[in-house]
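Asker: So the chains spell out like this:
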Amino acid sequence: MASILGDLPSFDPHNFSQHRPSDPSNPSKMVPTTYRPTHNRTLPPPDQVITTEVKNILIRSFYQRAEEKLRPKRPATDHLAAEHVNKHFRAASSSSSTQGL
Amino acid sequence: MSVWNYAVTAQKPTCVTHSCVGNFTSPQELNLIVAKSTRIEIHLLSPQGLQTILDVPLYGRIATMELFRPHGEAQDFLFVATERYKFCVLQWDYESSELITRAMGDVSDRIGRPTDNGQIGIIDPDCRVIGLHLYDGLFKVIPFDNKGQLKEAFNIRLEELQVLDIKFLYGCTKPTIAVLYQDNKDARHVKTYEVSLKDKNFVEGPWSQNNLDNGADLLIPVPSPLCGVLIIGEETIVYCSANAFKAIPIRPSITKAYGRVDLDGSRYLLGDHAGLIHLLVITHEKEKVTGLKIELLGETSIASSISYLDNAVVFVGSSYGDSQLIKLNLQPDAKGSYVEILEKYVNLGPIVDFCVVDLERQGQGQVVTCSGAYKDGSLRIVRNGIGINEQASVELQGIKGMWSLKSSIDEAFDTFLVVSFISETRILAMNIEDELEETEIEGFLSEVQTLFCHDAVYNQLVQVTSNSVRLVSSTTRELRNKWDAPAGFSVNVATANASQVLLATGGGHLVYLEIGDGTLTEVKHVLLEYEVSCLDINPIGDNPNYSQLAAVGMWTDISVRIFVLPDLTLITKEELGGEIIPRSVLLCAFEGISYLLCALGDGHLLNFQLDTSCGKLRDRKKVSLGTRPITLRTFSSKSATHVFAASDRPAVIYSNNKKLLYSNVNLKEVSHMCPFNSAAFPDSLAIAREGELTIGTIDDIQKLHIRTIPIGEHARRICHQEQTRTFAISCLRNEPSAEESESHFVRLLDAQSFEFLSSYPLDAFECGCSILSCSFTDDKNVYYCVGTAYVLPEENEPTKGRILVFIVEEGRLQLITEKETKGAVYSLNAFNGKLLASINQKIQLYKWMLRDDGTRELQSECGHHGHILALYVQTRGDFIAVGDLMKSISLLIYKHEEGAIEERARDYNANWMTAVEILNDDIYLGTDNCFNIFTVKKNNEGATDEERARMEVVGEYHIGEFVNRFRHGSLVMKLPDSDIGQIPTVIFGTVSGMIGVIASLPQEQYAFLEKLQTSLRKVIKGVGGLSHEQWRSFNNEKRTAEAKGYLDGDLIESFLDLSRGKMEEISKGMDVQVEELCKRVEELTRLH
Chain A
1 MASILGDLPS FDPHNFSQHR PSDPSNPSKM VPTTYRPTHN RTLPPPDQVI
51 TTEVKNILIR SFYQRAEEKL RPKRPATDHL AAEHVNKHFR AASSSSSTQG
101 L
Chain B
1 MSVWNYAVTA QKPTCVTHSC VGNFTSPQEL NLIVAKSTRI EIHLLSPQGL
51 QTILDVPLYG RIATMELFRP HGEAQDFLFV ATERYKFCVL QWDYESSELI
101 TRAMGDVSDR IGRPTDNGQI GIIDPDCRVI GLHLYDGLFK VIPFDNKGQL
151 KEAFNIRLEE LQVLDIKFLY GCTKPTIAVL YQDNKDARHV KTYEVSLKDK
201 NFVEGPWSQN NLDNGADLLI PVPSPLCGVL IIGEETIVYC SANAFKAIPI
251 RPSITKAYGR VDLDGSRYLL GDHAGLIHLL VITHEKEKVT GLKIELLGET
301 SIASSISYLD NAVVFVGSSY GDSQLIKLNL QPDAKGSYVE ILEKYVNLGP
351 IVDFCVVDLE RQGQGQVVTC SGAYKDGSLR IVRNGIGINE QASVELQGIK
401 GMWSLKSSID EAFDTFLVVS FISETRILAM NIEDELEETE IEGFLSEVQT
451 LFCHDAVYNQ LVQVTSNSVR LVSSTTRELR NKWDAPAGFS VNVATANASQ
501 VLLATGGGHL VYLEIGDGTL TEVKHVLLEY EVSCLDINPI GDNPNYSQLA
551 AVGMWTDISV RIFVLPDLTL ITKEELGGEI IPRSVLLCAF EGISYLLCAL
601 GDGHLLNFQL DTSCGKLRDR KKVSLGTRPI TLRTFSSKSA THVFAASDRP
651 AVIYSNNKKL LYSNVNLKEV SHMCPFNSAA FPDSLAIARE GELTIGTIDD
701 IQKLHIRTIP IGEHARRICH QEQTRTFAIS CLRNEPSAEE SESHFVRLLD
751 AQSFEFLSSY PLDAFECGCS ILSCSFTDDK NVYYCVGTAY VLPEENEPTK
801 GRILVFIVEE GRLQLITEKE TKGAVYSLNA FNGKLLASIN QKIQLYKWML
851 RDDGTRELQS ECGHHGHILA LYVQTRGDFI AVGDLMKSIS LLIYKHEEGA
901 IEERARDYNA NWMTAVEILN DDIYLGTDNC FNIFTVKKNN EGATDEERAR
951 MEVVGEYHIG EFVNRFRHGS LVMKLPDSDI GQIPTVIFGT VSGMIGVIAS
1001 LPQEQYAFLE KLQTSLRKVI KGVGGLSHEQ WRSFNNEKRT AEAKGYLDGD
1051 LIESFLDLSR GKMEEISKGM DVQVEELCKR VEELTRLH
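These protein sequence lines map, in sequence, to chains A and B.
Be aware that the first sequence starts at 1, since it is given in the UniProt record's numbering, and climbs by one per residue.
Be aware that the second sequence starts at 1, since it is given in the UniProt record's numbering, and climbs by one per residue.
Bound conformation, chain B alone (with noise of 0.2 Å):
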């Protein structure tokens, strides 16, 4: 790998933060806003439920979001901002339905503390300011103007230093604020301020409320007519006023969301830890509160917001299992909740640990992750490509063709599988025990090879060989007409649909038939002046049996021509340029747009949109798929059209929100595809492959597919052992008993059904900090090990931990051998057959050694001290990457002479690490907690031996997660001859279930990129008005510095969602054709 560095995502944060309902789209539209870390979804609610419109990333991680309406608009403006102090303010325009800016800024202090407990963006519901807790002991005031204008935005000293929470109360005639603190006596009061805009200052409020319950984290502000705010507490509940204090008690729960149900907020949906949900009533008489009620409404996953959407329907996002849809039911069911969960949306946050492993065997990696926590914990199986479940399969070899018919025309399903090898054709059918059969079309000819078979109308069959072509009737299976090619000439390439037939003899004669009822009339013929190398008459009219157009792939010239049926009319002719013949042409639509297909023989697919009335091509694009000569196909799934291009690198073709995207099939080579929808095999595919010809049905066409394995614990290591088929994973279970205690287990997974295979519990106290499959010097047998801490609430740092060795014996865990350290053990790597461990702040390294009485132990060798705490620990050949937790990553080595550890270099910055991953000998990646990225070089040809113990930082980034792994490996398959499959790559997993891709580039490609990246920004604007530059710059508490050693892949992938418009100034631009910035950008994307 190398210090050029690609990072991209291939799974986007799925995790949501915050959400809110209004009218954000149009005054009449309702809209549920989610965000997602550093994306925006836009949803539209609708009769059918929620309609996604749009994903909008921002340039940044989105630290508060509100709706509000300001005086005088029809309907809401989003109010955005981000951790990095910026806000901006958003407009739907409903016309050209983009985002329209109408205020933004930075918000930053030059000196100021940062809050500890996260920064707090608030509206005043009447729409006089925005105010903005960022810093400690300052609350900062954005007034708006007369207009709803904003203003110079100022900072007012706010005394209350430990703040918890602050809301605007409603009804009040100044902006009033009411602030949940804590003193330092640790107790907790709130207090009300309202904002002076004259003064720029606050003034007393008009009522406070000293102690209250310990565990007060929340303020509800109530809208008008009854005001004031609720205090929600871990023990009680508190309505507060100026004049009315009222206070129930609840059973002891931290509240982690909220969501008012009613407008005049009578009613709220309370969210707690362990993803209850509950009904907070206010009772009042003459808009005065009589008391509080609340009531247990079932369970949902641990909600991080909740907003309730319309007719008893509720949005349940969450950062710790899937978000949910849920509709609130009047009466309870028969296990006593009202809450029915109507639909589950797709969550892998946190990512906390992942393995890629190969678990079907194809040279594909999959990942396998800890997702999730508490209750909600799961494993997530993310794989990309298009996977084909195979139903059955038999041995045949050679096989040059393959199409499906039916015996009927009116049929729903496929009879007949015909299957064409070089000097015969097979006829398979299914028999009455679902069988495949081989069996009999007499009217065919099964001597020779098929060139092509269709249904035909009035229930015929056409056979099209090289000498001629056969109509037979499907009901009596006996021929009804044939038409043979004239003498001296054979058929080359031939395709035909339900009434026509196009096919072409040697010599360059393209002939033209029409079927009717027992009829074959030649209609046309003419004679082109080069061989023809393929042909399609797919229709993609009105009229599914009949095409208008012809679509015809030349030898020599390398042409593909448009002709109109059934003139045979050229209207248009494409120089494809180059000299790789086109192998295989196809008409199609795709969301009603046309498009024509032409795939070359080197691999390459070249996509045009037709305008199917005059024949035009425009918006050449080409991407390469394989190596070797392409066959396209269409078939249905789930009622939409896909293609299918068999090559050696098989892929799925299909269209979203009108783009063209490419899918891997998850299959080695195909050699051709034809739908086969039998009633035994319903909506399959029948796929001929290595001598193999298989049945099996299509996964959903998406790029990346995710299997739940819910556990119902939080898994935090995952571990994959080859040999025994297995995974081990460390987790944590809740027991929902009184004392909130938890246990902890080690878990043994088989690899295939993810069943829990055994379970070995921990101490008491005791839990899992590493996990690791490895097999030791002279002893051929694998053993998962694995690192614990004692964690007693006692202690700052545990002082006690064992390594585990366990032994899978019969789908069991066995203990071998445990070893107490001294300290936690946070991690485990094999290395030199050994075992090495970091524990605390030492890098300790341990034989494995036979005792006398044949038992095995754990003996310690080495190692080095000098770090904090080594937390995360990679290793190559002797060397050792330790990412410390605020000393960033130094280098050690093992010299096996002297059986010693040394430190080599180190990175004398301070970040704060949470992984990190050694590229090569000389390049390391790390993270830190600012959600930066970096690379470090070892410095080989230093002068001194200063020089060479520093490590120079080559690359930074702000990647704008947090990441908690890398880990080598692909989540496509690789071709060792295409370039792609040349460049290393790194996947991450981060906290907000983001899934990235860190590719190692050439530098000739960087620089290429760079320049593309640079154009980019020019054309892509940031989201909100907010700079791209600024947000991929480095930045930690002590430093920002632009981005180096890195590209934005996302950014550069987006060139292909550009116009052609905006892609023509762009190769303007870079004096680069479209056709080739498309086909390179392209290729990126098939990285992830």
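One chain only, chain A, in its complex shape (with noise of 0.2 Å):
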């Protein structure tokens, strides 16, 4: 019977193929610089700077609820049809959920 540890995946074969144990003067025992980046891309894009929505849960649920009061009421197939496109072109998937927000 093959083991069960048979074709574990191989990325690059010469990956550790040298590989001595444990050799003393192995540099990679050597302590490893420090980062201390002085670059500015260490501040990320303007926009990039994430913050949580201030709007209370319960409070943007009302006003959910008050919109869609106020909507006139979409036929339920649209949005099933909406679901439908989705799991035929599931690239687009993130792209036309997260359009709407």
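No lab work stands behind these hints: they were computed from the structure.
Some hints could be false.
[Said to hold, decoys possible] Not the full set, but computed from the structure, chain B residues with beta-carbon under 10 Å of chain A:
{"#": "1", "residue": "I42"}
{"#": "2", "residue": "I100"}
{"#": "3", "residue": "L138"}
{"#": "4", "residue": "N155"}
{"#": "5", "residue": "R1060"}
[Unchecked claim] For each label pair, taking beta carbons as the anchor points, the in silico distance ranges come out as:
{"#": "6", "chain 1": "B", "residue 1": "A274", "chain 2": "A", "residue 2": "V49", "range": "52 to 58 Å"}
{"#": "7", "chain 1": "A", "residue 1": "R20", "chain 2": "B", "residue 2": "N431", "range": "33 to 39 Å"}
{"#": "8", "chain 1": "B", "residue 1": "E810", "chain 2": "A", "residue 2": "R20", "range": "42 to 48 Å"}
{"#": "9", "chain 1": "B", "residue 1": "S1059", "chain 2": "A", "residue 2": "S17", "range": "33 to 39 Å"}
[Claimed, not checked] Taking lysine-lysine and the DSSO-like style, the derived pairs with C-alpha atoms no more than 27 Å apart in a straight line are:
{"#": "10", "chain 1": "B", "residue 1": "K293", "chain 2": "B", "residue 2": "K198"}
{"#": "11", "chain 1": "B", "residue 1": "K1079", "chain 2": "B", "residue 2": "K658"}
{"#": "12", "chain 1": "B", "residue 1": "K895", "chain 2": "B", "residue 2": "K834"}
{"#": "13", "chain 1": "B", "residue 1": "K658", "chain 2": "B", "residue 2": "K616"}
{"#": "14", "chain 1": "B", "residue 1": "K659", "chain 2": "B", "residue 2": "K638"}
{"#": "15", "chain 1": "B", "residue 1": "K198", "chain 2": "A", "residue 2": "K55"}
{"#": "16", "chain 1": "A", "residue 1": "K55", "chain 2": "B", "residue 2": "K200"}
{"#": "17", "chain 1": "A", "residue 1": "K55", "chain 2": "B", "residue 2": "K1038"}
{"#": "18", "chain 1": "B", "residue 1": "K842", "chain 2": "B", "residue 2": "K822"}
{"#": "19", "chain 1": "B", "residue 1": "K834", "chain 2": "B", "residue 2": "K780"}
{"#": "20", "chain 1": "A", "residue 1": "K55", "chain 2": "B", "residue 2": "K151"}
{"#": "21", "chain 1": "B", "residue 1": "K1011", "chain 2": "B", "residue 2": "K937"}
{"#": "22", "chain 1": "B", "residue 1": "K147", "chain 2": "A", "residue 2": "K55"}
{"#": "23", "chain 1": "B", "residue 1": "K200", "chain 2": "A", "residue 2": "K69"}
{"#": "24", "chain 1": "A", "residue 1": "K69", "chain 2": "B", "residue 2": "K288"}
{"#": "25", "chain 1": "B", "residue 1": "K668", "chain 2": "B", "residue 2": "K974"}
{"#": "26", "chain 1": "B", "residue 1": "K1068", "chain 2": "B", "residue 2": "K622"}
{"#": "27", "chain 1": "B", "residue 1": "K573", "chain 2": "B", "residue 2": "K482"}
{"#": "28", "chain 1": "B", "residue 1": "K659", "chain 2": "B", "residue 2": "K622"}
Glycine included, every Cβ here is placed at the ideal spot set by N, Cα and C.
With the hints as a guide, bring the two chains together.
Answerer: Written as structure tokens, this is what we have:
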């Protein structure tokens, strides 16, 4: 019977091919450089400083309900059709589902 | 000590909390990313193994970390969230080798109860949203837009309050989570929800599964095409999806970590609480799951993370033992294990307790820790500086110089050791019995002092004395040629290499000779305006036998000059400044960079980068190594070149990541050193010190040395007894038997060999809480006192404990007496010749009484109530500092006349303490379970009793580590005559395996460094855009306040890592010379 550990993934067959276990002079034992960023790209782009929506969940749901009441009711089939489209075009699903925000 | 403190890391955190694998540094490179408390390590997979690329300090404790690949990107991004509710998305820029912040933010909510089971941060496999569960009842969503940019986050109400795990499912049209939770009847279920981004709400998901294993604690999402989720319990593993349910029973175990093996998710590695590693296989046919299989593979450290790397090699990250690199073999070995351990990565965490001792009696503290947990428990001996392992030594007074010589230039080993004295030269050589024996080199002068010796080309040896240079055959040992100093002049200083000799005679004559086959040619002679104090022609160019440059140090104008050989053309003259003459110069190269080192008569060392083509010196830096003249010498160890600086405070100078580092050598004073690589003592050094010639090998060149004593059980308290040269530990052993029982012991160990000498088993349910070595009034014996608690499953707090008093007799623990207590003995202290114990909420003082029959007993004298749990106690004189479970620090005083303990003052804050220490009569140090350290001050000047009874908070700082113990002491040898030697220090040990130092600075120095810290904050930016100020601010559930009274030594010392340009920027801003800044910061690095 083949080993349960047969066919283990190999991404690059060279990796670990020359590994010598516990070689004390191995440079990997040396203390790695500690990163000290001094460049400006350490600060995120201004539009990528993320905060949480301030609106409380409860208040948000009140508004949502109020809006729903005001809005003329759409036929349910409309909604389902949108779902259906998503199922067919998975790759586009993230964009279609986020555009509404 | 003072209120002006400096907190710095001596040993970075070592325990691995998270790890992940992906193409982070480039699309072609596979990386292992490891999180260790507040640091991230980036490794590269290579044919040689794991290569560490970078150690990234983060201004936060890492709560979750994941790699992900946004749409359209060629390489992975790293998502990191910190425990203080910050997150960042990092990208590696291959071109500049820099980390770029793609996004960051604050995900805290003003209202919310932080989750009990830790924070959860997950990323949808289709990269549509990031999900965070930080507060009970809330699930936070950060959506991605179609360009992979993050958008404003929003919260969704999560009905399940006791969440155990949440994971995103694969293959869903909308982002879908599976939630593992416990209901109010303690039953566990899994529910799924779709995240509706439009409505910002959950929609009931495709399936749910009720009534799972009561120990179910972990979800593993299975990738497409199988999809679904694995629910890992303590007795069963279940596979669940919308259309399948498979379950298998397992041997009872708690799974702590998992790692996916195959990309399609058909095999997983599971690591359990006992360190056993299993393979879980999902069998499937035509994308339908048909069953589950589980197989034991073998044993590793207790895993906290498992990452499959490549070609059957797996990284096992551990917080309880050493992390490991393992290989999964196709076939089991003789013991049935498929696991082969390739490499171990040292982990000190959790440091539960430690003591500081001077084991080698050299005036330097070593830290001995109780490290690790359960079967991975160990003792670790942590020592700063480089040790010399003595092989042989002889008494020899008045050594003025030493050189080793070979009998032929091609030989691998040195044969002769030339030792020079004020009026003679002796030659030692190894004889057949491998003993050092005096011999003769006929051609050498032996009745005068030797100024320099060297092996020379054509199997020759060269000796320089005050009036001649002698060239001798190394085979016949006979004189082949000689050069005499001109009449009336004597040679003052000389140096040589295999083919060149440079010497200086009185009157400033510099003479250059070249060595041929039996010839010694004076090539050049120049007259300098002043006397020469030192010189060097160590070859650093391509030719190992010939130097293009000569370095010469001068009297009078206090300069160092660079000459080109053979013409002795002056190309550089560098004024050193000051009044101290250079005493030793050295040309050397480290990691491809050439340096000129110049040691002064007062123990300072200057270093310059040397441009070998034009002789230009730049990037001048100055450090203080000792207080007396330094002699510099190169030596090799493990095929790298280092420099030995012999002085009253010997040090090794070496280079790591193109930065010069200075490590202390653990010897008191060394006057001369020369490498002596003989057949009997390979790779050794000959060291002249204190009237002795020692031959020894040198430790690995690194700053901290860690020795591991595996004990296979969990040591929780340690104490050293100098008189008996023993350690006592209190530890627990987990029996692998069915009922998971633990047994507790007090064990005695030899302080040198760390062998177990004797053991004392504690009663059933009894565990050791404290341990102390002390002696009592009117009794010359020293005792070990052990405080215990009976931990009964039905009791909330122990109501019974014991104090056991042992004496060490012939290497055995002998119980002298025992005293029953009404609770757990959390702490024991020697106090005025008596024993002070903290027992639950009470502080109790015991006298050591002689009974009529001559036996001894502990007799209660007085006590003090008024604590919740008096967990940590320290004493000083008549003062007692108590660290309470939740009432911060209170200060008690013992009144001798009344025989009573009274409260003197307290800190009225509600800090949940983890350790206390007394800095001086007025200042007390504490840490809490929110990772802060703080100092409080006794108020002596208060007008009213009420004011005097209130301790003032004078310092607070977020250390970001869970501190378990403070101890007074130092990791470095302190010289009484150096400034740094005057700075008192406290060492601390933490759960993540970090060892830190708190140093009390003079106010002036603190103010100076505070300015430097402020400047550095502007130059060194927080990784991920995180703020240093926010990170170091004191923070608990109630309050956040700016740090005060503490400086971040790690930030300040990173000044030395900056480029020259950035250093100058700071120097300008502060109006202090770069050289002065470097020197002052370098001095601080010598505190640890």
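Asker: Does each hint hold? Answer for all of them.
Answerer: Results for each hint:
no.: 1; hint: I42; result: holds (8 Å)
no.: 2; hint: I100; result: holds (4 Å)
no.: 3; hint: L138; result: holds (8 Å)
no.: 4; hint: N155; result: holds (6 Å)
no.: 5; hint: R1060; result: violated (12 Å)
no.: 6; hint: A274/B / V49/A: 52 to 58 Å; result: violated (45 Å)
no.: 7; hint: R20/A / N431/B: 33 to 39 Å; result: holds (37 Å)
no.: 8; hint: E810/B / R20/A: 42 to 48 Å; result: holds (46 Å)
no.: 9; hint: S1059/B / S17/A: 33 to 39 Å; result: holds (37 Å)
no.: 10; hint: K293/B / K198/B; result: violated (41 Å)
no.: 11; hint: K1079/B / K658/B; result: holds (18 Å)
no.: 12; hint: K895/B / K834/B; result: holds (14 Å)
no.: 13; hint: K658/B / K616/B; result: holds (19 Å)
no.: 14; hint: K659/B / K638/B; result: holds (19 Å)
no.: 15; hint: K198/B / K55/A; result: holds (15 Å)
no.: 16; hint: K55/A / K200/B; result: holds (12 Å)
no.: 17; hint: K55/A / K1038/B; result: holds (23 Å)
no.: 18; hint: K842/B / K822/B; result: holds (10 Å)
no.: 19; hint: K834/B / K780/B; result: holds (13 Å)
no.: 20; hint: K55/A / K151/B; result: holds (15 Å)
no.: 21; hint: K1011/B / K937/B; result: holds (24 Å)
no.: 22; hint: K147/B / K55/A; result: holds (26 Å)
no.: 23; hint: K200/B / K69/A; result: holds (18 Å)
no.: 24; hint: K69/A / K288/B; result: violated (45 Å)
no.: 25; hint: K668/B / K974/B; result: holds (10 Å)
no.: 26; hint: K1068/B / K622/B; result: holds (18 Å)
no.: 27; hint: K573/B / K482/B; result: violated (32 Å)
no.: 28; hint: K659/B / K622/B; result: holds (14 Å)
In terms of the numbered hints stated before, the structure departs from hints 5, 6, 10, 24, 27, listed from lowest to highest.
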